[in-house]
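Asker: Read off the chains here:
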Amino acid sequence: MTTYLVRRVLLSVPTVLGVATLIFLLVHLLPGDPARVIAGVNATPADVERIRHQLGLDQPGWQQYLSFLGRLAHGDLGTSTHTLNPVTSEIAARALYTAELAALSIVIAIAVGVAAGVVAATRRNTAMDLLISGAAIAGVSIPVYWLGLMLVVLFAIDLRVLPAAGAGGPTSIVLPAITLAFFSVGFIARQTRSAMLEVLGQDFVRTARAKGAGERRVLLRHALRNALLPVVTTIGLQFGTLLGGAVLTETVFAWPGIGRLLVDSIFFRDFPVVQGVVLLIAVAFIVVNLITDLVYAVVDPRIRYG
Amino acid sequence: MRNRSLTSLLLAGLVIAACGTGSTSSNTSAGPKHGDKLTIAVGIDPDTLDPAAQTTTTASQVVDMMAEPLVNIDEKGVVKPLLATKWDQSADGLSWTFTLRSGVKFSDGTPFNAQAVKFSIDRLINSKTQATQPGVLGGKSGIQSVDVVDDANVKFTLGSRFAPFAAAMTQTNAAIISPASASVAPNTLTHVVQPVGTGPYKFKDRQAGDHITLEANKDYWGQKPNYDTQVLKVVPDATSRESLIRAGQADVIALPPGNDLPALQHDNSLNVIMGPSDRTIQIVINTVDPKNTLLQKPAVRQALNYAVDKDAIIKTVLFGAAVPLDAPMSKALFGYCSVGSYKFDQSKAKQMLQAAGASGMTVKLLSPTGRYLQDSKVAEAVAGYLTQAGLKVEGPQTADWPTYLGTVNVAPARASTDLHLLGWAPAYMDASQQFQQFLPSQIPPAGLNTSYYGNPQVTELVTQGNTASDPGQRKKAYCDAQKIVWNDAPWIFLYNQRYPFVTTNKVKNVTGLPNEKFVTSWVSPA
Numbered sequence: 171m172t173t174y175l176v177r178r179v180l181l182s183v184p185t186v187l188g189v190a191t192l193i194f195l196l197v198h199l200l201p202g203d204p205a206r207v208i209a210g211v212n213a214t215p216a217d218v219e220r221i222r223h224q225l226g227l228d229q230p231g232w233q234q235y236l237s238f239l240g241r242l243a244h245g246d247l248g249t250s251t252h253t254l255n256p257v258t259s260e261i262a263a264r265a266l267y268t269a270e271l272a273a274l275s276i277v278i279a280i281a282v283g284v285a286a287g288v289v290a291a292t293r294r295n296t297a298m299d300l301l302i303s304g305a306a307i308a309g310v311s312i313p314v315y316w317l318g319l320m321l322v323v324l325f326a327i328d329l330r331v332l333p334a335a336g337a338g339g340p341t342s343i344v345l346p347a348i349t350l351a352f353f354s355v356g357f358i359a360r361q362t363r364s365a366m367l368e369v370l371g372q373d374f375v376r377t378a379r380a381k382g383a384g385e386r387r388v389l390l391r392h393a394l395r396n397a398l399l400p401v402v403t404t405i406g407l408q409f410g411t412l413l414g415g416a417v418l419t420e421t422v423f424a425w426p427g428i429g430r431l432l433v434d435s436i437f438f439r440d441f442p443v444v445q446g447v448v449l450l451i452a453v454a455f456i457v458v459n460l461i462t463d464l465v466y467a468v469v470d471p472r473i474r475y476g
Numbered sequence: 004m005r006n007r008s009l010t011s012l013l014l015a016g017l018v019i020a021a022c023g024t025g026s027t028s029s030n031t032s033a034g035p036k037h038g039d040k041l042t043i044a045v046g047i048d049p050d051t052l053d054p055a056a057q058t059t060t061t062a063s064q065v066v067d068m069m070a071e072p073l074v075n076i077d078e079k080g081v082v083k084p085l086l087a088t089k090w091d092q093s094a095d096g097l098s099w100t101f102t103l104r105s106g107v108k109f110s111d112g113t114p115f116n117a118q119a120v121k122f123s124i125d126r127l128i129n130s131k132t133q134a135t136q137p138g139v140l141g142g143k144s145g146i147q148s149v150d151v152v153d154d155a156n157v158k159f160t161l162g163s164r165f166a167p168f169a170a171a172m173t174q175t176n177a178a179i180i181s182p183a184s185a186s187v188a189p190n191t192l193t194h195v196v197q198p199v200g201t202g203p204y205k206f207k208d209r210q211a212g213d214h215i216t217l218e219a220n221k222d223y224w225g226q227k228p229n230y231d232t233q234v235l236k237v238v239p240d241a242t243s244r245e246s247l248i249r250a251g252q253a254d255v256i257a258l259p260p261g262n263d264l265p266a267l268q269h270d271n272s273l274n275v276i277m278g279p280s281d282r283t284i285q286i287v288i289n290t291v292d293p294k295n296t297l298l299q300k301p302a303v304r305q306a307l308n309y310a311v312d313k314d315a316i317i318k319t320v321l322f323g324a325a326v327p328l329d330a331p332m333s334k335a336l337f338g339y340c341s342v343g344s345y346k347f348d349q350s351k352a353k354q355m356l357q358a359a360g361a362s363g364m365t366v367k368l369l370s371p372t373g374r375y376l377q378d379s380k381v382a383e384a385v386a387g388y389l390t391q392a393g394l395k396v397e398g399p400q401t402a403d404w405p406t407y408l409g410t411v412n413v414a415p416a417r418a419s420t421d422l423h424l425l426g427w428a429p430a431y432m433d434a435s436q437q438f439q440q441f442l443p444s445q446i447p448p449a450g451l452n453t454s455y456y457g458n459p460q461v462t463e464l465v466t467q468g469n470t471a472s473d474p475g476q477r478k479k480a481y482c483d484a485q486k487i488v489w490n491d492a493p494w495i496f497l498y499n500q501r502y503p504f505v506t507t508n509k510v511k512n513v514t515g516l517p518n519e520k521f522v523t524s525w526v527s528p529a
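Note that the protein sequences, when read in sequence, are chains A and B. The first sequence maps to residues 171 to 476 in the working numbering. The second sequence maps to residues 4 to 529 in the working numbering.
Where hints are given, some of them may not hold.
[Unchecked claim] Covered, in the sense of this in silico footprint (three residues per stretch, anywhere, with C-beta under 8 Å from a C-beta of chain B), are these stretches of chain A:
| hint | stretch |
| --- | --- |
| 1 | 202-211 |
| 2 | 256-266 |
| 3 | 453-467 |
[Unchecked claim] Some chain B residues judged to face chain A by a derived CB distance under 10 Å, without partners named:
| hint | residue |
| --- | --- |
| 4 | G323 |
| 5 | G398 |
| 6 | A402 |
| 7 | P405 |
| 8 | G409 |
| 9 | P429 |
| 10 | P448 |
| 11 | G450 |
[Unchecked claim] Quick list of the computed label-pair ranges, beta carbon to beta carbon:
| hint | chain 1 | residue 1 | chain 2 | residue 2 | range |
| --- | --- | --- | --- | --- | --- |
| 12 | A | I312 | B | H269 | 24 to 34 Å |
| 13 | A | T185 | B | Q118 | 50 to 60 Å |
| 14 | B | G373 | A | E219 | 48 to 58 Å |
| 15 | A | S311 | B | G343 | 53 to 63 Å |
| 16 | A | A269 | B | D153 | 37 to 47 Å |
| 17 | B | A188 | A | D246 | 16 to 26 Å |
For the record, the hints were derived by calculation from the structure and aren't laboratory data. Just so you know, even glycine gets a beta-carbon here, dropped at the ideal spot from N, CA and C.
Kindly generate the complete structure, drawing on both the sequences and the hints.
Answerer: And the structure:
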């Protein structure tokens with residue numbers, strides 16, 4: 171197990187390096203001059219040049235790349251060209267908001283999605299199944315920003331029970347979390363339903379019923395556990411979708427997370443922050459994939475990592 | 004694209020909302036003048052609160068509440084005393100002496116005096132200050148030295164004559180901060196994070212991307228603020244800002260979605276204020292276009308001006324949030340004079356194009372998206388009018404701001420568009436700033452004269468206007484120059500944008516300034 175973990179961590183180093191190189195190239199290929207964007211339209215050429223020099227943007231590209239990698243090796247992501255603060259503190263100020271939002275959303279998505287999937291599978295071809303499957307399709311089809319706005323109109327403007335935007339108090343996360351979870355709920359419900367249907371038709375389920383196990387036990391201990399493997403994969407993959415959705419959700423709800431930080435930084439051509447956020451997302455992906463693989467072993471004891 | 008669908012969807016949502024509970028009626032009680040917390044939603048998270056590094060009005064508006072310059076402007080754009088009570092220039096126009104208000108203290112208790120002014124302005128023109136933006140105040144022609152005459156008088160020596168110096172000193176980058184505060188963490192001499200000035204509010208806290216909280220400066224030297232705290236929420240999406248004020252969770256919002264202006268105006272619980280602005284919006288014409296030499300002819304450019312119905316665009320695309328231009332600059336600037344109008348006349352336009360051999364000419368149009376009120380939609384409308392006048396219009400192509408800027412801010416030889424929609428807002432209310440758009444010395448990459456226009460007569464008149472010490476003489480020179488620019492038509496002169504903001508009817512006294520700021524420091528409960 172430990173060897174496996176160490177190997178996985180070592181394998182991720184070239185991946186991170188690859189991502190770092192790719193994102194460095196991509197941001198530097200973007201049209202637009204960061205020094206000009208920072209200086210503003212009324213700035214004199216001297217102002218623009220001074221800012222370009224202060225930010226090191228007057229150095230050749232390869233030199234900027236090497237110093238970027240050199241700093242990265244020391245855990246230093248550089249300085250934001252937009253705010254002049256260290257990138258690590260820019261990200262630190264925002265990452266927790268996204269983590270909170272993504273975590274709550276995935277919890278909602280798993281709880282609601284798995285439950286709905288199990289119910290739909292056991293009531294196959296009933297009105298309930300139809301309703302859940304319909305809702306699941308709606309869930310994966312409704313655009314995040316439309317759903318977000320509709321929830322705001324209902325709960326913030328009409329009923330006035332929840333905040334419309336911002337991260338003011340404990341209730342302010344409710345609407346963004348539901349909005350963000352919606353897509354994943356639909357996806358997980360559909361996966362759970364089909365996996366459950368497959369398992370429910372198998373011999374061991376019949377055996378379990380034959381030996382007199384209660385329906386509840388049959389469903390949860392025997393069927394669901396065996397159906398979970400593809401669902402766990404789905405949940406792992408949903409994480410990526412959540413981060414993508416976070417960009418939109420965070421904009422609609424003015425949630426100060428890294429999704430919005432990323433988009434804003436692209437518009438400001440704030441290269442160090444873009445690089446930092448993308449690297450963070452890449453690392454998060456690697457970690458989530460690792461966790462997913464480890465969870466396999468928990469769900470299915472036949473899987474061993476040595 | 005996303006914004007467009009967002010707003011139209013919200014419109015649908017608002018219809019539902021209106022059917023559901025009726026309009027959001029207010030539960031006003033005859034409140035006292037004093038208020039606890041005012042919540043303002045703005046679209047941009049200030050990049051920095053360091054006065055010396057200011058470039059955007061939203062950020063400057065926040066800084067203005069904490070730190071004040073020596074002079075500022077009124078609602079009409081006229082320079083008025085603030086921390087200085089009077090100012091004079093020497094006979095040669097190279098030195099300016101400002102007399103300072105006495106008995107003023109910074110919010111950290113440090114006394115405000117000539118030394119503090121010297122400290123702040125030296126910091127602005129010092130190239131070691133991070134991202135400092137001295138603009139016209141710096142460089143070879145700007146401030147060369149700041150001298151403390153005595154506690155209450157400070158003298159600025161300029162590199163060359165500059166008549167609008169006092170106007171330029173109204174900019175937020177010339178705000179005065181407490182010298183002691185600049186070395187108190189988290190501030191450093193080169194980068195101020197929490198400015199300490201003489202303003203009506205003090206910095207309290209900030210969550211990046213979410214909000215900035217300011218608290219009242221109880222010892223403010225002037226009229227005391229009414230609200231204990233003001234919270235500036237950062238809400239980038241216009242539709243989300245609208246949701247906040249409709250939900251009663253914000254008292255003031257900047258820039259609501261353009262196409263919701265009529266709906267907001269019908270809501271009795273809200274006040275839509277069309278704030279003033281010095282921003283002109285124009286279609287800049289490449290006047291030296293080698294690929295399209297017809298655009299080098301003033302008659303063709305005038306024809307393009309006749310071809311576009313400015314009034315209709317203002318009414319239907321901007322929902323009234325603009326006034327048509329009658330000069331190459333906004334009324335708010337010192338030196339403005341009304342010089343004419345290209346009244347929409349399609350047949351005249353066609354006739355002029357034909358006479359110049361320009362019928363059916365192909366033009367390429369570029370517009371930024373999300374930079375100015377309804378920008379790309381206005382460009383679409385302009386493209387429509389030009390097509391009706393018989394031109395072939397490629398575009399409008401749209402691009403995000405940095406890409407757009409990278410495309411138009413290039414030397415004439417590298418120009419790739421014939422026409423582009425551009426907004427220009429002088430940093431201070433003086434014609435000299437607007438004329439940067441029409442001087443050969445400002446042709447990219449040196450400046451942003453992206454029409455590449457130049458006329459020796461105009462240049463001469465502008466130099467007179469920029470240096471003459473007699474205001475009447477300055478006005479005359481600028482006015483004559485405006486007439487020439489208007490006839491040479493390097494732009495399709497569109498409109499002077501307004502800067503709409505919305506308040507609930509529970510608050511009053513939010514005033515808009517022509518530099519696209521709205522002042523909330525003296526807001527009181529209605």
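Asker: Against each hint, give a clear statement of whether it holds in the structure.
Answerer: Structure-based check of each hint:
no.: 1; hint: 202-211; in the structure: holds (count 9)
no.: 2; hint: 256-266; in the structure: holds (count 3)
no.: 3; hint: 453-467; in the structure: violated (count 0)
no.: 4; hint: G323; in the structure: violated (24 Å)
no.: 5; hint: G398; in the structure: violated (17 Å)
no.: 6; hint: A402; in the structure: holds (8 Å)
no.: 7; hint: P405; in the structure: holds (3 Å)
no.: 8; hint: G409; in the structure: holds (4 Å)
no.: 9; hint: P429; in the structure: holds (8 Å)
no.: 10; hint: P448; in the structure: holds (6 Å)
no.: 11; hint: G450; in the structure: holds (7 Å)
no.: 12; hint: I312/A to H269/B: 24 to 34 Å; in the structure: holds (29 Å)
no.: 13; hint: T185/A to Q118/B: 50 to 60 Å; in the structure: holds (57 Å)
no.: 14; hint: G373/B to E219/A: 48 to 58 Å; in the structure: violated (28 Å)
no.: 15; hint: S311/A to G343/B: 53 to 63 Å; in the structure: holds (55 Å)
no.: 16; hint: A269/A to D153/B: 37 to 47 Å; in the structure: violated (57 Å)
no.: 17; hint: A188/B to D246/A: 16 to 26 Å; in the structure: holds (20 Å)
Of the numbered hints given earlier, the model fails hints 3, 4, 5, 14 and 16; all others are met.
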